[in-house]
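Starting from the given sequences, assemble the full structure and let the hints guide the process.
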Amino acid sequence: MRQIEFIRSNTFLWAAAVAATLALFVAGLFAFIYWKIDDYLIMRSDRMIATQLNFLAELPPGRLNDAISDHLKQDSRGVQYAGLFDAAGARLAGNIARLPPQLDPGGPVRSVRLARVTAPTVHETTVKAAARRLGDGHILVMGRHVDETREISTVVGQALLLGLLPAFCLCLLAGAWLSIRAERRVEQVNQRVQRIVAGDLRERLPQSDADDPFARLAGIVNGMLDEMETTINALAGVGNDIAHDLRTPLTRVRLALERGRTHAATLEDLQEVADKAIGGIDQALAIITALLRLAEIESSSRTAGFGDVALDEILRQVCDVYEPIAEDKDVALRVAIDRTAEVRGDRDLLFEAIANLVDNAVKFTPVGGRVTLELMSDGKAVRVRVSDTGPGIGESEREAVLRRFYRSDKMRHTPGVGLGLSLVAAIVKLHGFRLTICPGPGGRVEILASARAASCDAAASDPARARHASLALM
Amino acid sequence: MTRILLIEDDTETADAIVSELTERGFEVRWAPDGIGGLDRARESSPDALIVDRMLPGMDGLTVIEALRKDQVRTPVLVLSALGAVDDRVRGLRVGGDDYLTKPFALVELVARVEALLRRPFDSRETTLQAGPLELDLIERTARRGEREIDLLPREFRLLEYMMRRSDQLLTRAMLLEEVWNYKFVPATTNLIDVHMGRLRHKVDGPGETQLIHNVRGSGFILRVR
Numbered sequence: 001m002r003q004i005e006f007i008r009s010n011t012f013l014w015a016a017a018v019a020a021t022l023a024l025f026v027a028g029l030f031a032f033i034y035w036k037i038d039d040y041l042i043m044r045s046d047r048m049i050a051t052q053l054n055f056l057a058e059l060p061p062g063r064l065n066d067a068i069s070d071h072l073k074q075d076s077r078g079v080q081y082a083g084l085f086d087a088a089g090a091r092l093a094g095n096i097a098r099l100p101p102q103l104d105p106g107g108p109v110r111s112v113r114l115a116r117v118t119a120p121t122v123h124e125t126t127v128k129a130a131a132r133r134l135g136d137g138h139i140l141v142m143g144r145h146v147d148e149t150r151e152i153s154t155v156v157g158q159a160l161l162l163g164l165l166p167a168f169c170l171c172l173l174a175g176a177w178l179s180i181r182a183e184r185r186v187e188q189v190n191q192r193v194q195r196i197v198a199g200d201l202r203e204r205l206p207q208s209d210a211d212d213p214f215a216r217l218a219g220i221v222n223g224m225l226d227e228m229e230t231t232i233n234a235l236a237g238v239g240n241d242i243a244h245d246l247r248t249p250l251t252r253v254r255l256a257l258e259r260g261r262t263h264a265a266t267l268e269d270l271q272e273v274a275d276k277a278i279g280g281i282d283q284a285l286a287i288i289t290a291l292l293r294l295a296e297i298e299s300s301s302r303t304a305g306f307g308d309v310a311l312d313e314i315l316r317q318v319c320d321v322y323e324p325i326a327e328d329k330d331v332a333l334r335v336a337i338d339r340t341a342e343v344r345g346d347r348d349l350l351f352e353a354i355a356n357l358v359d360n361a362v363k364f365t366p367v368g369g370r371v372t373l374e375l376m377s378d379g380k381a382v383r384v385r386v387s388d389t390g391p392g393i394g395e396s397e398r399e400a401v402l403r404r405f406y407r408s409d410k411m412r413h414t415p416g417v418g419l420g421l422s423l424v425a426a427i428v429k430l431h432g433f434r435l436t437i438c439p440g441p442g443g444r445v446e447i448l449a450s451a452r453a454a455s456c457d458a459a460a461s462d463p464a465r466a467r468h469a470s471l472a473l474m
Numbered sequence: 475m476t477r478i479l480l481i482e483d484d485t486e487t488a489d490a491i492v493s494e495l496t497e498r499g500f501e502v503r504w505a506p507d508g509i510g511g512l513d514r515a516r517e518s519s520p521d522a523l524i525v526d527r528m529l530p531g532m533d534g535l536t537v538i539e540a541l542r543k544d545q546v547r548t549p550v551l552v553l554s555a556l557g558a559v560d561d562r563v564r565g566l567r568v569g570g571d572d573y574l575t576k577p578f579a580l581v582e583l584v585a586r587v588e589a590l591l592r593r594p595f596d597s598r599e600t601t602l603q604a605g606p607l608e609l610d611l612i613e614r615t616a617r618r619g620e621r622e623i624d625l626l627p628r629e630f631r632l633l634e635y636m637m638r639r640s641d642q643l644l645t646r647a648m649l650l651e652e653v654w655n656y657k658f659v660p661a662t663t664n665l666i667d668v669h670m671g672r673l674r675h676k677v678d679g680p681g682e683t684q685l686i687h688n689v690r691g692s693g694f695i696l697r698v699r
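Top to bottom, those sequences are chains E and V.
Numbering of the first sequence is given in this note's numbering, commencing with residue 1 and proceeding in unit increments.
Numbering of the second sequence is given in this note's numbering, commencing with residue 475 and proceeding in unit increments.
Don't take each hint at face value.
[Said to hold, decoys possible] Here are the in silico distance ranges between beta carbons for each label pair:
hint: 1; chain 1: V; residue 1: Arg567; chain 2: E; residue 2: Thr436; range: 36 to 42 Å
hint: 2; chain 1: E; residue 1: Thr436; chain 2: V; residue 2: Ala490; range: 32 to 38 Å
hint: 3; chain 1: V; residue 1: Val546; chain 2: E; residue 2: Ile281; range: 33 to 39 Å
hint: 4; chain 1: V; residue 1: Arg567; chain 2: E; residue 2: Thr251; range: 38 to 44 Å
hint: 5; chain 1: E; residue 1: Glu395; chain 2: V; residue 2: Leu626; range: 38 to 44 Å
hint: 6; chain 1: E; residue 1: Ile220; chain 2: V; residue 2: Arg542; range: 53 to 59 Å
hint: 7; chain 1: E; residue 1: Thr436; chain 2: V; residue 2: Leu591; range: 21 to 27 Å
hint: 8; chain 1: E; residue 1: Asp275; chain 2: V; residue 2: Arg699; range: 54 to 60 Å
Everything labelled a hint here was simulated from the structure, so no lab data went into it.
For glycine and all other residues, C-beta sits at the position ideal for the given N, C-alpha and C.
Right under this line is the structure:
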C-alpha cells in the first residue's frame, strides 16, 4: 500500500516524466551523432575511391595489373575492390567477378552490388564503387565496402546504453529521493501538528535555515502558531478572570444562603438573606450579560445597519444623562463642540462607547474635578475626546485596560464589571475608528473617526474599502 | 378579569410566572408548546400573550407571526434566553411588543405585562394630567396644582413618561429603554436613581403628598390614586 502510494506520489511521477523526456532527448542526440558520423565516413570513402581511381588511371598500362594486385594485397580487412575489364566486359585483373552493369564509366561514386572473385562461392555485397574508361578502351573499377558504418552504429549504441541507462536510473533515483524526502517532511509536520491538535501549543514545525519553500512555509505556519498561542493564552487568562469575577459574587450568595438557612429566626432575617443572594446573582448575571455583549460586538458584522450618525447629538445626550451624576459627585461635566460632525456608524453602539468613556471618567475623577467631552472636526477627521482630572492611565496599564476584566488595583473597590473599555475598544474597532489612550496628567481618551463626507463617496462603490480608506485617512 | 396566555416550555418557570400573575389578579392559561399555544391563542383570544422564544414544535416567533397574519393585535411579550441585540430586534420586528431577556425578575415581568395591557395613549392630546400634575405638551411646562414646576428637558421627558403610566410600576430597565433609549446596561448602576432623585425633588415639594415612590429593588411608581 505504501509502495503504491509512493509510486503514485506526485514528486515521483514528475521525476519519471523528466527521466522519460531525458531519455528521448539523449536518444535523439545519439541518432544525430550517428547520422553525422556515417555521413562523414561515406563522404571520405567516396573521396578516397575517386583519388585511387585517378591515381591508377594515370599509370602506364603495363604497370596497372601490378598496381591493382599490390593495392588488393595491402587490404587486410578485405574491404577493397578493384577490377580491370576489357571493352567487352571480360575480367583482366582484380577481385571483381563481373563488370556491374549499373556502373556508368566516368560517373560518380555510387552504391552497387559487387561479387568478389576470391570467395569460394560468389556472393554479392553492396559496395561503393566508381568506374573509368582508360585510354586503351579498358574499364577500371574501384570500390570499397564501407563496414565502418556498422561499427559506428555499434559504438554509438553502446555509448547510448552506457550513458542513457545510468542517467535514466539517476533521474528515477533522484525523483524517489525527493519524493521520500517530501513524504518524510510531511510526516514530520503531521506528527507535530497532531501534537498541537492534542493540546501541546508550544510545539512548532521543524524549521531549517535553508531557503527552500518548505522551510519558508514552516516559518509562516510557525508565525501563525505563535500568534494563536498568544491569543489562546490570553483567552485562558480571560477565562480565569471570568471565573474569579463570577465566583466572588456566587461565593457571597452561597455563604449568605447557607448562613441564612441555619441562623435566620424571623421572616425579616430570611428576606434580608434572599435580597443579598439576589444582589449577588444579579452581579454575576451582569458580568455574563456584559461578556455576551462584548462577544456579540467583537464577532459582529453589523456594518450593514450603519447609517449617518451626528456625533454632536450623541455627545449632548451622553452629557445630559451623566450631568446629574457628575453634579452629585461635585464633578464639572462640560461639552465643547467645535463644529457638528457626522460619521458612518451604528448610533446605539457609538452612544454606548461614548457613554462608557464618560461613565469611567466621572467614576475616576475625584471630588471637585472636571470632565470634558470634546468634539473636534476638520472636515476630514473627527476626534472625540473625553478628558478628566482623575488619576489617568499609567503607561504600563494602557494596553491592559483594553483587555477584558482588567481593573487596576486602585479600581478594585469601585463597582463595575470591568469590561467598559474593552467594550469601547470593540465598538471602535467595528467602526474602523481608532482608540487612543493619551498619556497623563489626567485621563484622556480619544476616538478618531473619519468624517462622513469623506467616507461616504467611497462607500457608494465599496463599503469595505471605504472603511479601510477611512482608516488610512487617520 | 384580564386573561393572559403564557406559552413557555419550562415547567418551573411557567409555574412561577403563573403563580405570580394569578396572585396579582390575572387569569392565566398556560400552554407548554408552540402549536398548542397557537391553537389556544386563536380560540380563547386572551388580552395579552407571553411567549417564550424557543419552544418545542413551533418557534415562539413563528407563533407570533402566525397570529399577526390572522390580524390578531393582542399585545405580546417575548421571553428569551438569547439576549443579543439583533435577536431582540428580530423579536420585535415579527410583531412582539416587548422583549424580556432571561433570567428576569418577576416584578419586571409583571411591570411589563401591565404596561402592555394599558391602552395606547392618544398622541393628539396637548395636555396631560395625572392627579395634581399637569403637563402642557406644547408649551413644555409643568404644574402641580397651582405651583409651577421648572423642569429641564430631560426631566420633562421622564415625567411625561411616568404620567402616561401613572400608578404602575416602572422598572429601571423600562425607564432606560423607553426614556433614555438605552440599548445596554450602563456601568453606573444608580443612573436612573440619580435622575429620579432630581425629578422627585422638584415634583414633591416640602409639605406636599409624595407622588413619586421608590419601590425597593424594583423601580418607581407615580402614585396619583
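Results of checking the hints against the structure:
1. Arg567/V to Thr436/E: 36 to 42 Å: This hint holds: roughly 37 Å between Cβ atoms.
2. Thr436/E to Ala490/V: 32 to 38 Å: violated, 49 Å
3. Val546/V to Ile281/E: 33 to 39 Å: The hinted range 33 to 39 Å holds for Val546/V and Ile281/E, with Cβ atoms some 36 Å apart.
4. Arg567/V to Thr251/E: 38 to 44 Å: holds, 41 Å
5. Glu395/E to Leu626/V: 38 to 44 Å: 40 Å Cβ-Cβ, so the 38 to 44 Å window holds.
6. Ile220/E to Arg542/V: 53 to 59 Å: holds, 54 Å
7. Thr436/E to Leu591/V: 21 to 27 Å: violated, 50 Å
8. Asp275/E to Arg699/V: 54 to 60 Å: This hint is violated: roughly 28 Å between Cβ atoms.
In this structure, the hints that do not hold are numbers 2, 7, 8, in rising order.
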